[in-house]
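Knowing the structure of chain A, use the given hints to seat chains F, S, D, Y and W on it.
Number of protein chains: 6
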Amino acid sequence: MRPSGRAPDQMRALQFEPGFTRHAEGSCLVSFGDTRVLVTASVEEKVPPFLRGKGQGWVTAEYGMLPRATHTRGNREAAKGKQSGRTQEIQRLIGRSLRAVVDLRKLGERQIVVDCDVIQADGGTRTAAISGAWVALRIAVDKLLAGGQLSEDPIRTQVAAVSCGFHDGQAVLDLDYDEDSQAGSDGNFVLTGDSAIVEAQLTAEGETFDEEGLLRLLRLARMGCTEIFREQLKAVGK
Amino acid sequence: MRPSGRAPDQMRALQFEPGFTRHAEGSCLVSFGDTRVLVTASVEEKVPPFLRGKGQGWVTAEYGMLPRATHTRGNREAAKGKQSGRTQEIQRLIGRSLRAVVDLRKLGERQIVVDCDVIQADGGTRTAAISGAWVALRIAVDKLLAGGQLSEDPIRTQVAAVSCGFHDGQAVLDLDYDEDSQAGSDGNFVLTGDSAIVEAQLTAEGETFDEEGLLRLLRLARMGCTEIFREQLKAVGK
Amino acid sequence: MRPSGRAPDQMRALQFEPGFTRHAEGSCLVSFGDTRVLVTASVEEKVPPFLRGKGQGWVTAEYGMLPRATHTRGNREAAKGKQSGRTQEIQRLIGRSLRAVVDLRKLGERQIVVDCDVIQADGGTRTAAISGAWVALRIAVDKLLAGGQLSEDPIRTQVAAVSCGFHDGQAVLDLDYDEDSQAGSDGNFVLTGDSAIVEAQLTAEGETFDEEGLLRLLRLARMGCTEIFREQLKAVGK
Amino acid sequence: MRPSGRAPDQMRALQFEPGFTRHAEGSCLVSFGDTRVLVTASVEEKVPPFLRGKGQGWVTAEYGMLPRATHTRGNREAAKGKQSGRTQEIQRLIGRSLRAVVDLRKLGERQIVVDCDVIQADGGTRTAAISGAWVALRIAVDKLLAGGQLSEDPIRTQVAAVSCGFHDGQAVLDLDYDEDSQAGSDGNFVLTGDSAIVEAQLTAEGETFDEEGLLRLLRLARMGCTEIFREQLKAVGK
Amino acid sequence: MRPSGRAPDQMRALQFEPGFTRHAEGSCLVSFGDTRVLVTASVEEKVPPFLRGKGQGWVTAEYGMLPRATHTRGNREAAKGKQSGRTQEIQRLIGRSLRAVVDLRKLGERQIVVDCDVIQADGGTRTAAISGAWVALRIAVDKLLAGGQLSEDPIRTQVAAVSCGFHDGQAVLDLDYDEDSQAGSDGNFVLTGDSAIVEAQLTAEGETFDEEGLLRLLRLARMGCTEIFREQLKAVGK
Amino acid sequence: MRPSGRAPDQMRALQFEPGFTRHAEGSCLVSFGDTRVLVTASVEEKVPPFLRGKGQGWVTAEYGMLPRATHTRGNREAAKGKQSGRTQEIQRLIGRSLRAVVDLRKLGERQIVVDCDVIQADGGTRTAAISGAWVALRIAVDKLLAGGQLSEDPIRTQVAAVSCGFHDGQAVLDLDYDEDSQAGSDGNFVLTGDSAIVEAQLTAEGETFDEEGLLRLLRLARMGCTEIFREQLKAVGK
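Chains as they are written, first to last, in UniProt numbering: chain A, 1 to 238; chain F, 1 to 238; chain S, 1 to 238; chain D, 1 to 238; chain Y, 1 to 238; chain W, 1 to 238.
Chain A with its partners taken away, still in its complex shape (with noise of 0.2 Å):
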């Protein structure tokens, strides 16, 4: 029995609340349990500067967390003058798992910043993150089309992301907090709409992998995303 009581290949309720604030182009509550990440998907008319003039846009993201999103306060990033390593090393995910299923080129010359922030932590705040933004990213762009900015569109597939690990020997499917911290050992996967892995990322404490460990989380994780993309969809209304 993995201590949250649920099956091993069970997901936590899933929800995405799209339009959760009126100012971004495209914005998405995510909940993935008791895990809240606010996404906002801000559009803006120019490129960081090692793209001007290449005729393509840019997809990038930034990470935070809400110093009371967790158990215990932890300091505010802006109060100590800088982000941490956790922090950059997920915005850096992020960024990379949207890009893989946008084409820059049909974006123009604009960049959409997704900023993720999360609410409420109790584990996976990364692969609510990219779940979410891929909602608010939909949503923005689909308001780029709508209003004829863009002809085209540069979203190829979804993308979503969870987490797997081994607890007690046992695999299962997107661990909370208390999971988390008990698991041998554990992983991100993002996959796209089409299946195919884009990022993985996965790390032994205490435990090890093997191949077979390795396909075991591989294959839940195809299981957890296949329910999170029918959700996103339904948050899109397609």
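These aren't lab readings, by the way, just hints derived from the structure by calculation. Do not take every clue at face value.
FRET-style restraints, in silico, Cβ to Cβ [what the hints assert, rightly or not]: (1) A:T72 / S:Q170: 44 to 54 Å; (2) Y:E212 / W:S84: 35 to 45 Å; (3) F:T72 / D:L233: 42 to 52 Å.
These numbers come from a predicted model, not from an experiment. Glycine included, each C-beta is placed from N, C-alpha and C at the ideal position.
Chains F, S, D, Y and W alone, transformed into the frame defined by chain A:
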């Protein structure tokens, strides 16, 4: 007619959602119309260095704004590596306002850190933050009283804040972003439940004030705060 | 009897020494009793990025305190690597106060940066700074007018500031450090030469305010500023 | 044919020069072809604050790159005043990889800081760093064992890392800079001497992965690490 | 003829105004012509961490320049968030120069922090700062001796500094800004009251030095310092 | 007898390994005994902002020390977020020393950035850095001449540096770390190939200098630099 269509002495729709997040000892999502601020109160069993061994507690506040809380995206302060002067000014004001109604001796040697994070901004974020902060603080202190960590209530009375200003020569209450941008002069008042002023900040932009104007604004502020006090009490079930 | 032995409505000895340093277009060493602030106004033939090409100028201020301006040595902000919230709050106030009496269109596309550095502190450094800043600004603008860079005077009127507060229930003017430490509540008023209020900031510490108290402080502030206005004019030879 | 002319499963020339610098308790200059990383292991008789009094030690890593280690000069991180997200991501990976093979309880209350500084970069700096770090760590721990500060060996097994990726649809081992730039997708594997996976990070750029591809890369990684393990042992004289 | 019209071996007008500010244990406004530096010496009853429990004291210095001390306004270091290399170089030099004439054992476990802030700059700010620093230090130490905190005088002798350089092939003393800008090569000498050299820094710009030139500059420096020593003694009433 | 057992006028073993890294236009690993500094010269086809359009080039230097280059590990400057005063002082000295022998007009509108990174420290890192920097610069400039980007050689002569100091009253050359720690006073001299002094920095610690001592050190420095000049020429094949 004011831009929002409201009567001069009419507040925006007020909403306090207590317990919006689950980890913090006290939390509240406060809405003044489209302005929405998530406030958490975190109890820490230690005091800052300058108070160690002095037999009293401390209440302090931090303020932040999600990058796309506003009409156009602002830079993330954590990424820039510093908090703006505006941010620091506001969080100092929130902290002073709360301390004005707390008996720090009765709090014991513990600190309550109140985080106010703006989810969506439409004018008056600091006044919404102060008003919501009292609710989060009240909930956190009630938990300390219920748990026996405190025997006497350190909160003397309520505290709330509201903005007022002159729009086309008319004194109006609780300015939204559009009204604030057009106001000739405006101010923020922080009042206590027993009707005293704890902070008043007035700034003339374009038009200047005289005593008469100042008193008219103050009268409006009293009306607004009376309404806020009522909603605060409902939110904390009193 | 107030601690300083002064009458309740008595300012400290005021002194404005124009031209205290020779490189700045305008400069002034202002003393409010033992509080001494060196102010320089520097004319720059460019405006900040957000104003480029808008056909108007800008006036801004920076504030600093020498490490041993105070009773005990404070850390040097340049060594700590950041300006405190208090410093930023004060320099924003000085800038707004000056801009309240300047027609930025008449200034042309140039910026005047006013630096206020506290040489010695004994309470009221921000009010002395604002009062001295007007003198330095006036001198710099006179130089622009004399040199033909400006044809019309962009300064509409004078601006001055003074603090007031309650000491043992009595409203007193221009608090020194000792009085400020013991004041139940106090505030800073920024007034223009034509008697209008441009900024008012009141903070209750211990005692709170009511309308009556607020008006008594404002009345004192008017008396103090009248005296400051007179000395400012003498300093600039008008 | 891969750009480097190597066979798909061929590593670059490997070289470990133990004792490259004389002050560190352990040091090693590791070369994976033209990629050269200087690694030092420094023993400190204290642990970080979060471990004080817990009866265990710590192993951590820092990573840096000399400004002209690369084809075009990069800015010096010390001059910019912060470490990039990439730097932090890599040094966290190195630290986790080393801790995966160390029994921190047996290390006692001391810390070993492993510094990995890239002298020359040609792809695979993080995998060379991890592989060299084990050698420096082994030397430092041997010194502690010889000196009697440790009675039991805290290092459980070897650890090594290598990159693999797809080039023109072919799975290739140990990518150099040119190959890495052209790879459709690639990854880094960190394996232990007893053949377990401790870290796996895969990123698709352009092409995506499937299980089959993932397993092919893993198989190559095993081959590469076997060779690295052999050279590590030679370097430490075992 | 040198630009300033002075004789080659002529110092600018020297002035030491002791007690310029009232809070510091020692203070002095020193003028070398138009170069004016405010120096304060602050006594702290503690030593930096590296000296704790070693039975000796410490003397250290910090240096700053008001933004408009110079011909054109420089950025405020506190606003930029860091001290320039030049600032750090100068404050390290001032600290070493003072420590060269102080017996740190006799000072006891206390620190004297000397702040040198340039009010107006016209060349030679570091030499004026060192020369004025001795006066402020002397006054602060005299206060400790008079108050009985010290029983023996820790100051062994005077210390002063002056610049010299070559202008059109002629060795000249105490360069002002114009002369410094045109000098082919110049240097700063720090000498003690008993005629010994404690610091010498020479830099060739355009022209280089030889032994002969070096000795000519040193001879001028001795003449200049003799005059400074005399004025220092007058300033401290000895 | 000096601690190192060397004769008073004996340099440590000198070694210049040109071309130590392959990406930089010029590079050199310089050893003064156990002090080893890796120097690279990077050619950039642009100049810093203050020189744009002035028809001249620039040579600048940066200095760093690997954390465990020293006996005990120092903090990584990139992790601390700032360069120490010592680092900045040294890199400014290296830059000035190189510029003293380069005709910046002949360099054209390009910049050469010289990075000096200390791999292992045993005293005299700045003098080794300057001496090695000339070699790296020479190689980079030779490449520009050979490639036709430059038609005239902008390097006027060689430049080298060495330290000297008094140990037990005896003047000794090229101090190692132990000797430097015990030296009563010491200095660094930067000399050109035509025997002129471009920089001299002398600091008395404990003992002071007189003219006689200064000249003895200078004489030693000439002897040391003569040997360095010879080795530099060998290294660049001239």
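Each hint, compared with the structure:
1. At roughly 47 Å, the beta-carbon separation of T72 of chain A and Q170 of chain S lies within the given 44 to 54 Å, and the hint holds.
2. Between E212 of chain Y and S84 of chain W the beta carbons are some 36 Å apart, a value that agrees with the proposed interval 35 to 45 Å.
3. Between T72 of chain F and L233 of chain D the CB atoms are about 59 Å apart, so this pair departs from the stated range of 42 to 52 Å.
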